[in-house]
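Protein chains: 2
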Amino acid sequence: MHRLGKRLVRPLQQLFQSKHSLTRSSPISPLAFRKELVAFNSVAVENDIDNRQLHVKWDDGTTSRFPHIYLRDNCQCPNCFHPSARQRNISDTSVLEAYDVNTKASQAQFYPDRQEIEIKWDKDNHVSVFDTNWLKMRRFPTDRDQVGHKIIYSDRRLWGGDLNGDIPTTDFNEILHDDLELYKWLKNLARVGLTLVKNVPEEVGQVERLADRIAYLRVTNYGRTFTVKSKHDPSNLAYTDKGLALHTDLPFFDLVPGIQFLHCIKQAAGGGGENQFVDGFNVAEVLRKENPYYFDLLTQHAFVYFDIGKDYVEYNQLNHHPLITLNGRNEVIRFVHNNHTRSSILDVPEDKVTDIYQAFHAIIQIMYDPSNLVTNRMESGEMIVFDNWRVLHGRSAFQLTAGGNRHLEGCYIDWDETASRMRAIEEKLKMKNFTGVI
Amino acid sequence: MHRLGKRLVRPLQQLFQSKHSLTRSSPISPLAFRKELVAFNSVAVENDIDNRQLHVKWDDGTTSRFPHIYLRDNCQCPNCFHPSARQRNISDTSVLEAYDVNTKASQAQFYPDRQEIEIKWDKDNHVSVFDTNWLKMRRFPTDRDQVGHKIIYSDRRLWGGDLNGDIPTTDFNEILHDDLELYKWLKNLARVGLTLVKNVPEEVGQVERLADRIAYLRVTNYGRTFTVKSKHDPSNLAYTDKGLALHTDLPFFDLVPGIQFLHCIKQAAGGGGENQFVDGFNVAEVLRKENPYYFDLLTQHAFVYFDIGKDYVEYNQLNHHPLITLNGRNEVIRFVHNNHTRSSILDVPEDKVTDIYQAFHAIIQIMYDPSNLVTNRMESGEMIVFDNWRVLHGRSAFQLTAGGNRHLEGCYIDWDETASRMRAIEEKLKMKNFTGVI
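Protein sequences, first through last, are from chains L and E.
In case it helps, my numbering puts the first sequence at residues 1 to 438.
In case it helps, my numbering puts the second sequence at residues 1001 to 1438.
This is chain L alone, in the form it adopts within the complex:
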């Protein structure tokens, strides 16, 4: 049977199972690295040549073992690590050597004044120098020392209706011109997943301007940006005056666009057109608690999504995702739900079909529970920006009037580029924060 497609890799170890349960406001883990700057009084270094390992006993009494091959592989000298490219130099001729576990350090010594460990290699007398802080940050997790894990928990705030009237709000000009304001806005976007930007000029081109401020936008089959107006023969239901059920966008891509921008250039004069938002991660956690079997069904079976038509290009898109994607710690990292583009191809065993519909029903009931819904009617000149891997959005039907048409412009940008920008600002402003993989 084909179930989860490419996101399902291999059985997790028993170790990982059922040990983690998230509650509201609890952290969700991206990958990131601690920044620790410690002055060591004494670091005891023992070179275990027989086992090709360096034992480093830290100030706190713990000991880390670094295989020699790891240290050789990560020599930071300009010959081994290209300084401007910041990339490892391995040529074709040295590539097998670079992974030779017989690689041997003949000498190792700690220099307290420089806070460095110097290692001399047996084969070619090459010398590698490691900053002790650098090395301690890279120690490996052991049964004794779980702190060695390179993951820190990034703080995510799960929310329900409590976010009504409390959506993190920022000013267009400030984030456009001030790096710290830009960073704070993006941090809110990563943490809460839903933000409102005010004082945006009421003309097209502003979503791209803001995306360019981060990095560059994500082009899709709907173009660089898209215009949401009521159209004849629409290529997408969004381009009608109908209401739209809660959904995440563009699930027929392998990489579902990470962040969506929606700029209200003109709101419907005749009323309606409010947006609804729901925190999919919160919804998933409620389901996990209420009905673990349904929760499991929605993580274990992928649903097929498609989109056929002509817009920016002629397209016939197809991909598949489970509704809920978990990482190796069983934490929710993606929520994909889109009834409009869900395929009639349902690749689940016959005897599971009804259960799957029940699981759908259960999660949709949580989704539409008024206590989980946030409603917002954008004014002209406002832009809503949200995490499309997490936050579902919908809209109520609106009235077409002679007075004028509702007019939104939207675009997407991905989390890789956004997190990259956040890290670049952290480095530039010498911040303590380090943004992991989102």
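It should be emphasised that the hints constitute simulated quantities derived from the structure, not laboratory data.
Yeah, the Cβ is synthetic: ideal placement off N, Cα and C, and Gly gets one too.
Each hint should be verified, as a subset may be incorrect.
What the hints assert, rightly or not - DSSO-like, lysine-lysine: derived pairs with alpha carbons at most 30 Å apart:
no.	chain 1	residue 1	chain 2	residue 2
1	E	Lys1352	L	Lys120
2	L	Lys184	L	Lys198
3	E	Lys1289	E	Lys1352
4	L	Lys352	E	Lys1104
5	L	Lys428	E	Lys1229
6	E	Lys1310	L	Lys428
7	E	Lys1428	L	Lys310
8	E	Lys1310	E	Lys1266
9	E	Lys1187	L	Lys310
10	L	Lys432	E	Lys1310
11	E	Lys1120	E	Lys1104
12	L	Lys352	E	Lys1266
13	L	Lys428	L	Lys187
14	E	Lys1310	L	Lys187
15	L	Lys57	L	Lys428
16	L	Lys104	E	Lys1352
17	L	Lys123	E	Lys1352
18	E	Lys1432	L	Lys310
19	E	Lys1120	L	Lys242
20	L	Lys266	L	Lys229
21	E	Lys1310	L	Lys184
22	E	Lys1184	E	Lys1198
23	E	Lys1242	L	Lys123
24	E	Lys1432	E	Lys1198
25	L	Lys120	E	Lys1242
26	L	Lys104	E	Lys1242
27	E	Lys1104	L	Lys242
28	L	Lys289	L	Lys187
29	E	Lys1120	L	Lys352
30	L	Lys242	E	Lys1123
31	L	Lys57	E	Lys1352
32	L	Lys310	E	Lys1430
33	L	Lys198	L	Lys310
34	L	Lys352	E	Lys1057
35	L	Lys198	L	Lys242
36	L	Lys187	L	Lys266
As the list claims (entries may be wrong) - Per label pair, the in silico range of CB-to-CB distance:
no.	chain 1	residue 1	chain 2	residue 2	range
37	L	His126	E	Arg1377	41 to 51 Å
38	L	Glu97	E	His1177	46 to 56 Å
39	E	Glu1174	L	Gln76	46 to 56 Å
40	E	Gly1161	L	Asp50	32 to 42 Å
Since chain L is already given, all that's left is putting chain E on it; use the hints.
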């Protein structure tokens, strides 16, 4: 422990384990759907109201059970399924109803003349009409009837050195102007993963021209396109005259770019600059056979990749992938390997570090086995296009001469857009083929 990150979801059922082994030239599975057009003499329809199921006994004696809720959910009438958007109409008010497993078909009948099954719904007397072929294509897999699976095996040709001098080759102008030639080229790209395009004008802009012919290119931190020339203070080792070890590009993205274009505008006058290519899927299968433990290590542990610098934008990219990614059938669907950008952060347990290096060593030995290598020196006016989820590429060092500089232009495009284009051509040219998820 955090291992595989987001691609590791949940334990696979025992069912999926160790039952699949690929050999060279054996198929690798994307998801796709059979196109079967059969005229049914007799389809026996039994409406099992108690269990809310429609039993359909086909000509061949097999029986499929369709839960009523599935049929109601997939009614194809213009009210339920928007004809131009080709999307399911579900409004906020009907969304819970749409998943109500108590939904009941009061009548069901097969009309042999129209080859249709007509269903009348109890609640609102709505009528749904299903084409029997349409329905048979969507039957669910059962223990009795595995054919119900919606996956077909797309043919992938694994290769080694046998591809030397035999890289599928096509003409730039033909694929630019003839849809069928474009399709055949892309089919080779999907099947073999390595293609050569000849008669390309020796000037910049051709990679984008060809990407636009498919859909649109993928922008990265290196821009819309990138120029490979030797540079001072390069942001990437590719921009030096050094050799490059075998690698796949840009592993520090969640969605690693799927396809790479490299257009040789001018080859090095002084010699060198040949490209080496290796089929990562083939390499993975050899390792799986030779050393299943190492193979497992490389599927179970993710490696961190990063890229810091300034090029098209200021970037600080970070992501992680296992070297080998498997789908739910334990088939290889991604191969990610890049020593240059692999991080010194290695998040694996201390007692596995040496084994991991041994696994690396083993797979690199297979990679560089001359019998697996394909070498090609592009002439000016040639373009190499390859699957960056599968094929590793490298290059030998080249000589800078006063006579002129080696000059390549490259860009990326993703598989979603490419497969979408293939499906659109299949529909346009009324082909029997159906391209699945790649």
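Checklist entry - Of the numbered hints stated previously, which ones are contradicted by the structure, given in increasing order? => result 12, 15, 33, 37
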